[in-house]
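There are 2 protein chains.
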Amino acid sequence: MENQDRKRLLIIDAALKRFAHYGLAKTTMTEIAKDIAFSKALLYYYFPDKLSLYVSVIEHLMHQISRDLVKSVEKTSSAAEGILMLVQKRQAFIQKYYKLIEYTKMMGPELPDELQDKFTRARAFELKIITGLLNKGNASGEFSVADLNFTTEIFVEAISGIHFNILNRSKIIYPDKEQFKLIFLKEKRFTEIFLAGLKQTNRS
Amino acid sequence: MENQDRKRLLIIDAALKRFAHYGLAKTTMTEIAKDIAFSKALLYYYFPDKLSLYVSVIEHLMHQISRDLVKSVEKTSSAAEGILMLVQKRQAFIQKYYKLIEYTKMMGPELPDELQDKFTRARAFELKIITGLLNKGNASGEFSVADLNFTTEIFVEAISGIHFNILNRSKIIYPDKEQFKLIFLKEKRFTEIFLAGLKQTNRS
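Heads up: the protein sequence lines correspond to chains H and E, in order.
Sequential numbering of the first sequence, starting at 1, is according to the UniProt record's numbering.
Sequential numbering of the second sequence, starting at 1, is according to the UniProt record's numbering.
Chain H on its own, in the form it takes in the complex (with noise of 0.2 Å):
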């Protein structure tokens, strides 16, 4: 690796780590440059300000998620397992970045163009990853899925109801670990409820 490479990296471990303990609005860039000895300028070289630094840290371990969650699937031996896994992972995901991704919950549709472009693909990925394995799991015999783009749409708004439901119920920003709990209680029977549904042959 380049040594600017190693340097842009390091910056990005350092802020994901800030960002993730402490969110985005109580981490300054000159907390990040002290963790690794870096000067500001150093660091602001590599990154004009804390939202294109922020867009980074987003697009970096969004790579790193990605490429875990496909290992993991890779290992299932059944599409259902492969599914459960990835909610699994979603959910473990979330979990531990709360505090990271809380700074674009809060945006809502103000996103800014460059965050909103990262979550669209991440969307994308994900949606991918779903058909590709009700698409598996037709071939197998073990779902009976006629289309497969629609069906995972469904199933991926359907879990998003469950957890934004959990949430704006009870006027939450960060969620305790009951609540985590609670929701990741309810996204795996609805899992479980949703794949034997599609099990069944002969639905209108």
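When chains are identical, the list treats them as one kind, so a pair holds in a single copy or across two.
Here are the simulated BS3-like cross-link-like pairs (lysine-lysine), alpha carbons at most 30 Å apart as the crow flies:
1. 199 / 128
2. 188 / 128
3. 136 / 199
4. 89 / 199
5. 188 / 89
6. 75 / 128
7. 99 / 181
8. 96 / 118
9. 128 / 181
10. 118 / 50
11. 136 / 188
12. 34 / 50
FYI, nobody ran anything at the bench for these hints, they're computed from the structure.
Starting from the known structure of chain H, arrange chain E on it as the hints suggest.
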């Protein structure tokens, strides 16, 4: 019916028509009074302001819907049919009264307590009907649902995810016919898959 009650109902009925057609903001008390040839003073005697009239309209509507729903569900021959009927009635209600409920959607968590209370009751009523239908399905051997309340919550939250995902993604306040059609198609297919999943026994 007492004369007072009849006058009150006349006002509510006229307001309902205006709100459903033009929304809350674009309707004036003067217009409502004109529609039924009442003096403004008389209108204000029954309802001191537009919000109190709006709350009564919502309450009136919810009573109507509840009665209609119970009747329709009673006519269905299986639990699954009953739940599909409920989903369909809910969709028809949302589409017909979208302009009327739009205001409450805009308000979000800052909804006045009186209104919040009506919606909490409506939600509780809906959950009760679904739990009842799942219970009926268990008794007849149609379903095999371990935790009735938990499963009801999952179902309702998941279906609202489908509804809001479509609307939020396209940043729409008032969806057009095509968008409603897509939402309804997805919700119907979702319900079919979910109910098929509940037919499976021996889930973990």
